[in-house]
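2 protein chains.
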Amino acid sequence: MNEWKKNLRKIKPYVPGEQSKDKDVVKLNANENPYPPSPKAIEAIKSFDAEGLKKYPPSDAAQLKTAIAKHYGVGVENVFLGNGSDDVLALAFQAFFNGGRAIAFPDITYSFYPVWCEMFKIPYRTYRLGEDFRINPEDYREENGGVVIPNPNAPTSIGEGVDFIEKILDYNRDSVVIIDEAYADFGVQSAALFVNEDKYNNLLVTGTFSKSRSLAGLRIGFALGSAELISVLEAVKNSYNSYTIDSLSIAAGTASVEDNEYFREVIDKIIKTRTRLTEALRALGFTVFDSSANFVFATHDTLNMRDMFEYLKTKKVFIRYFNLPRIDNFVRITVGTDEEIDILLREIINYTEEKI
Amino acid sequence: MNEWKKNLRKIKPYVPGEQSKDKDVVKLNANENPYPPSPKAIEAIKSFDAEGLKKYPPSDAAQLKTAIAKHYGVGVENVFLGNGSDDVLALAFQAFFNGGRAIAFPDITYSFYPVWCEMFKIPYRTYRLGEDFRINPEDYREENGGVVIPNPNAPTSIGEGVDFIEKILDYNRDSVVIIDEAYADFGVQSAALFVNEDKYNNLLVTGTFSKSRSLAGLRIGFALGSAELISVLEAVKNSYNSYTIDSLSIAAGTASVEDNEYFREVIDKIIKTRTRLTEALRALGFTVFDSSANFVFATHDTLNMRDMFEYLKTKKVFIRYFNLPRIDNFVRITVGTDEEIDILLREIINYTEEKI
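In order, the protein sequences belong to chains Z and L. The numbering of the first sequence is our numbering, which starts it at 1 and goes up by one. The numbering of the second sequence is our numbering, which starts it at 1 and goes up by one.
Chain Z with its partners taken away, still in its complex shape (with noise of 0.2 Å):
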């Protein structure tokens, strides 16, 4: 073996759901949003100055900063921007847990937490999720280098109050306290309102235009935290890569940010399927958890869910399936369009036929 070899890193990356360039298949598992961005946003693509791509990106992105802060309500200093919110989150983990300590988050869980931690050397613990999937905050009261709470819960699909998060800052006075808002537009008060709040200067809620925005493509991520968490955040993504996010992202997101009206519309479509979906797996038999998210996490006391999954594949529908303990006879479906939900029941309907 060539010498170089011994010091190359031996890791086990994070395995994002399967992508299909077969335009039939009805794609419901990567909790992408099935409706299109804002249209402001697509103008704001369409009328951008191609030409000025030849200038680096304003490093500060003071736009679309100032469009999060409005929307949050919080200061533009409170607002920190990455290349989808993958980027916001990997680099909050090398900014913020770098003491001994072992950091703590639920078992069942966005599956990129443990390969961060592998990635970054962080020592961490996990927290066994209640028999009904529920975080207990009563877990976070001890002793550690720092929290990742998901906030609704991925893949469980479960969101708790402000209470929940209140419980969790206030157990947590001596660690960073990150938040995981990826789908909290769904279903979930922001933990936003805490950000201004001096005792919670330890607060980092972290969020994405990938989901609510429609905008997945763009690679948009931010968090809202105290000014102090911002600016070390800032230095180091300033050690790391000083251009993270792009002039048409730019524009784009913030013209998405301020199309609240659009953003209100598409989430509430999302709402209304996620119901009938709900409703019509559980006519089916399948146990399904109430979702804040745009996805549901669903089971079945008699099918078997891998099986599913598989036989979903053939016919063209994707929705994800996770071979981990404890959820490894359960699904996780992208809320869609109408249209495809109603395809996917109706394969799901052939299917539990089939079986019976």
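Among the clues, some could well be false.
Said to hold, decoys possible - Reference excerpt, derived from the structure (chain L facing chain Z, CB under 7 Å, subset only):
#, residue
1, Arg9
2, Pro13
3, Pro37
4, Ala50
5, Asp86
6, Ala90
7, Ser175
8, Arg219
Hints are computed from structural coordinates only; laboratory data are not their basis. These figures come from a predicted structure and were not determined experimentally. Glycine included, C-beta positions come from ideal geometry on N, C-alpha and C.
Starting from the structure of chain Z, add chain L where the hints point.
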């Protein structure tokens, strides 16, 4: 002090060239290209199906990888993409430099290298440029944990030939060797020609669309290397952020690579202006290295370069000054349009006349 503050990352970030929102500024401080991107790249943005931004980008970005592979005469499996070449380099440092041994690079070079070493806790050793400010390949015969050589070097602008690269590779069969070609299109032969040779499977060549392709605003970087190196880089990237490059960048970047005629035309114009700028500065008594990049590096026996840099700023002409050992009486000037260089030269003449 709050307990959590002890775990914050303390780091001194890289400082990029100043930005200005003032449209009148002649901006020759960030090595941006003064000409717009290929009309075909602009057309790719205008005609892009922006509704499709609701989906994540194709994670393999096959279209852009294929275009780059064809341009350099390598296989698709030899191409890696990132969010600007800073992202590519940051990932490469994490992927390849995991031994305990110090990695090696020149003392005067891209100032992000030591920042990444600090960030990822990689030990490093720098080798002093010769009195002629060139890299001495014999320095890199010493045992090391990796080698990083920019060609041409920045901010010196000096490029080296294929023989030099081959020496570096032959002396370093036990380390990964990164050749950073951010500016290579302006004057050196790419080391990509060695990528497909079995004996150099430890070579990584990095590049960017921000300079020769006038797409700094879109953030596209790439690397070329053996399939084995690229696969490790992909695994590290997928442990950090699965989707670093957005759908619009993939479309515009592909169109840019496919428009080789425009690419050559822009480079030829810049080289012509570079020659004119170099000769004009020399006629004014400056010492200017022969540049292989889209900038020149200049000094003067009797004039104070820092003072001239500050003077030019008051005249709205931005160039770059580094307050660093050995180069603290140099300035780095980006090759702009002929009109921009005329303004620069006029102001430099005004300055020299004031001082004499």
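Hint check:
Given the 7 Å rule on beta carbons, the hint for Arg9/L holds: about 5 Å separates it from the nearest Cβ of chain Z. Taking 7 Å as the C-beta contact cut-off toward chain Z, the hint placing Pro13/L at the interface holds, the least distance being around 3 Å. The restraint placing Pro37/L at the interface with chain Z holds, with a minimum CB-CB distance near 5 Å, inside the 7 Å limit. Because the closest C-beta pair between Ala50/L and chain Z is about 4 Å apart, less than 7 Å, the hint holds.
Proximity of Asp86/L to chain Z holds as hinted, the smallest CB-CB distance being about 4 Å (cut-off 7 Å). Given hint, Ala90/L at the interface with chain Z, holds; its Cβ is 5 Å from that chain's nearest Cβ, closer than 7 Å. This hint holds: Ser175/L has a C-beta 5 Å from the nearest C-beta of chain Z, less than the 7 Å allowed. Checking Arg219/L against chain Z: minimum C-beta separation of about 5 Å stays under 7 Å; hint holds.
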